[in-house]
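Asks: Spelled out, the chains give:
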Amino acid sequence: MLSLTIMNGLVMGVIYALAALGVSLVVGIMNVVNFAHGELYILAGYFSFLFADTLGLHPFVAILLSVFLIFLVGVAIEATLIRPTYGNDMYSLILTFILSIVLQNAYLLIFGPYPRKPPQWIAGASNVFGLFFYGNQRLIALVTGILIIAAVFLLVHRTWFGLIIRAASQDREMAQWNGVNTTRLNMISFGLGCALAGAAGVILSPVFPVTPTSGVPVALTAFVVVVLGGMGSLKGCVIGGLLLGLVENIGAAYVSTGYKNVFGFIILILVLLFRPAGLFGRKEA
Amino acid sequence: MMPLLQATHLTRHFGGVMALNGVDIHLDSGEIVGLIGPNGAGKTTLFNVLAAAIPPSSGSIRFLDTDITGWPAYKVSRLGLARTFQITRPFLKMTCLENVLVGLINHRPKEALGRLQELAREALSFVGLLDQCDAPASGLNLIQKKKLEIARTIAVRPKLLLLDEVLGGLNSQEVVQAVSMIRELQRSLGTTILWIEHIMGAIMSAANRIVVLHQGEKLMEGTPETVANDPRVIEAYLGK
Amino acid sequence: MNERKQLAALAVFGLLCAISPVFLDDYKLHIVIVSLFYVMMASSWNLVAGYTGQVSFAHAAFAGIGAYVSGILAVKMGIHPWIGVLCGTAAAGLFGLLLGVLCLKMGGIYLSLTTLGFSEILHIVITNEYEVTRGTMGLQVPGLLDVYSKAGYLWIMLAASIVVLVVVYRMIHSRIGLNFRAVQNDETAAASLGVDVVHIRVLAFTVSSLLAGLAGGLFGHYLLLITPQIPSLDQQFLVLSMTVIGGMGSFVGPVIGSFVLKVLSEYIRAYGEYHVLAFGIVALLMARFAPQGIVGVFRKRTQG
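Chains as they are written, first to last, in this note's numbering: chain U, 1 to 285; chain P, 1001 to 1240; chain Z, 2001 to 2304.
These are computed hints drawn from the structure, not numbers from a lab.
Do not rely on the hints blindly, as some may be mistaken.
Only pairs whose alpha carbons sit at most 25 Å apart, straight line, appear in this in silico PhoX-like list of lysine-lysine [what the hints assert, rightly or not]:
| hint | chain 1 | residue 1 | chain 2 | residue 2 |
| --- | --- | --- | --- | --- |
| 1 | P | K1110 | P | K1159 |
| 2 | Z | K2300 | P | K1093 |
| 3 | Z | K2028 | Z | K2150 |
| 4 | U | K117 | U | K260 |
| 5 | Z | K2005 | P | K1093 |
| 6 | P | K1075 | P | K1159 |
Derived Cβ-Cβ restraints for the label pairs, each shown as a range [stated by the list, open to error]:
| hint | chain 1 | residue 1 | chain 2 | residue 2 | range |
| --- | --- | --- | --- | --- | --- |
| 7 | U | L273 | P | D1065 | 27 to 37 Å |
| 8 | U | R275 | P | K1093 | 30 to 40 Å |
| 9 | Z | V2166 | U | F68 | 50 to 60 Å |
| 10 | P | G1015 | U | R275 | 13 to 23 Å |
Backbone N, C-alpha and C define an ideal beta-carbon position, used for all residues, glycine too.
Put together the whole structure using the sequences plus the hints.
Replies: Printed below as a string of structure tokens:
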């Protein structure tokens, strides 16, 4: 039914937007595309499963701890792998691509091939507008996703740190001359980008369990959204994410499920062909 | 006589900033024209527009009686317009000879490689880098890199050469060397030169004509003496 | 080790491969054949990535096109595999040209993402169109030789590898090669000297996709079974790491990388399915600390 499809589209859209925000932040400030983005999403899912299930911690503690850990992992990755590649896009692309494969295989080794599912925060289902019943976890995912996105926007547009981010995105050199410690900024931004991936991971893993390779479509989708919305535009991520979520779900429901993921890539190529700046991207300066 | 280059009403904005506002500039064959102005005057933008590195937002450029507005850089280069970069951009992983060959093989695709290598060596010799022929460009020091950049551009005998602050970072001896080399280019090769520079003394002594930009517009143009004594120019520099 | 010596070493190695059926068993011959497949793939990928500086993720996809077009023609229309391989190569080249033209004005990240998108779309289409491709079950195809012989296939793959290497060598040492390297070093400077950067990119792409298509076509008819594994990101990763570990931007690097990694993977396989992880870690360390690969390490040793 259409309303259910649209609901699914919205939920996925919000999650896509969240994942894409992390990529967009890093691309905007450091001009680096983190291919391993999806693997960090997965890692957060694994962590929250570990903490909640195996260690028996309260779910909220588990997810907060997981996201924080992902932030630290992100910082570590930036310091060891990304920093030396500054200025060389190809190099960082290759490094993060290899990292992505390494992580996937490491997960296979450490966590095994079976899907892991952290516990749901709320069980059961609710009646949405009297139209259909919808899983509560998905509803919570939707709400939490929106809240986090709102928080990111607040951070970027209303805080001093956000000002630095926006300045560095516009013009890295100028920011440097104005006394911004770009090394530290890069480190924190990368960590933040990864943390956002982790947040998306902890929100959605109770619904869609994580496996070693399920991060790949997440990363690819995030890239499509970033390109669609416009590199470096946070607003674009949100709109792009929602659009993609809707198109994918409607397409899967009414056209073909097997080709669900193709829509995203077709959109990607169309955008790159006709409007490389994306919906809200900055025009070539 | 038709000017070699005629740019009319060039405008360029970046987002909300208007970097160039209706600038007219022309260059006659064989002259050295200096482009000066205080920081932020729009010199670099004008330079990049003329060099086809960025397109103008509006306006037109005619070079060798051809409308080249909006042309890609490589096409303009093949027509006979060469440029250097303020921060040199040598092909670091290639030898000096190979660096110079790149331009030659694209400008003269039908000529034999042996002949092109000769021409490349001539260009290197002109700037005094012949001994570095087979050395990788990564091993050169600053002034050598600048010389390589000049060699690269003149090897293809351009009609017009755009120089972007070539004297930056050179000591006074090297400045003298460089200026005399540039004058030699004009004299023996007949190259027309448009030159942005901050080192006033050098450009005032070498240029036939000076164009002054201020806040994205052409303030005035004239001989070096006229410009140096013009109160508006003095105020533009001091008033900053 | 200068160029002449490198080529001489390559020639000797090629000779060794040619006579290997004499002293290697069938299993080991299979490893050599697969390594030769990777030599073709890595060398042609190197043309685009190492020499023009574009990271393409569509290389395995082009091999897949070569394999599937040839295979489908053989199965559905009874076309002889040799002709099929030619068609497959041409098809791959055509797609390479199209993709190159698509990426016309882009560079860097945009280009890589486009190739990624293309690769994924192809993978999904192949997996879904069961009627034509038999999806994940795999398409059974006839071989190139009437009588199956490992030695025969080895010589075919060896000959094809030599063709690929010669093409790459000629390109790099020609004027085109100068333009390639100029674009790789500094696109903007290259353009200012008259290099048509777009044209160069498209040329590199098309040639490399032709070579990948050839590799895929031949390989498919050797394996006798074509699966979506060929045009997959995993394959792409292997090709990428072999080139990176061997030495990107060098001529013999991809050859070294292919053989070293393939042989190593066989040894590691004896201890478990960890070879991909092992490669990944080695590739990561090398990319981070020795970006010039094995070739680079050698160069430093002999110079220092």
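Asks: Compare the structure with each hint and give your call.
Replies: How the hints compare with the structure:
Proposed proximity of K1110 (chain P) and K1159 (chain P) is supported: the alpha carbons are some 20 Å apart, at most 25 Å. Simply put, K2300 (chain Z) and K1093 (chain P) have alpha-carbon atoms about 16 Å apart, close enough for the 25 Å limit, and the pair holds. Among the hinted pairs, K2028 (chain Z) with K2150 (chain Z) is consistent with the structure: their alpha-carbon atoms are about 10 Å apart, no more than 25 Å. Proximity of K117 (chain U) to K260 (chain U) is assessed by CA-CA distance (about 23 Å); at most 25 Å being required, the pair is judged to hold.
With a C-alpha separation of about 21 Å, the suggested pairing of K2005 (chain Z) with K1093 (chain P) holds against the 25 Å cut-off. With a CA separation close to 14 Å, the supplied pair K1075 (chain P) and K1159 (chain P) stays within the 25 Å bound. Checked against the hint of 27 to 37 Å, the pair L273 (chain U) and D1065 (chain P) passes, with Cβ atoms roughly 36 Å apart. Hint check: R275 (chain U) to K1093 (chain P), Cβ distance near 35 Å, so the stated range 30 to 40 Å holds.
Hint check: V2166 (chain Z) to F68 (chain U), Cβ distance near 55 Å, so the stated range 50 to 60 Å holds. Separated by about 18 Å at the C-beta atoms, G1015 (chain P) and R275 (chain U) satisfy the suggested range of 13 to 23 Å.
Going through the hint list in order, the structure satisfies each hint without exception.
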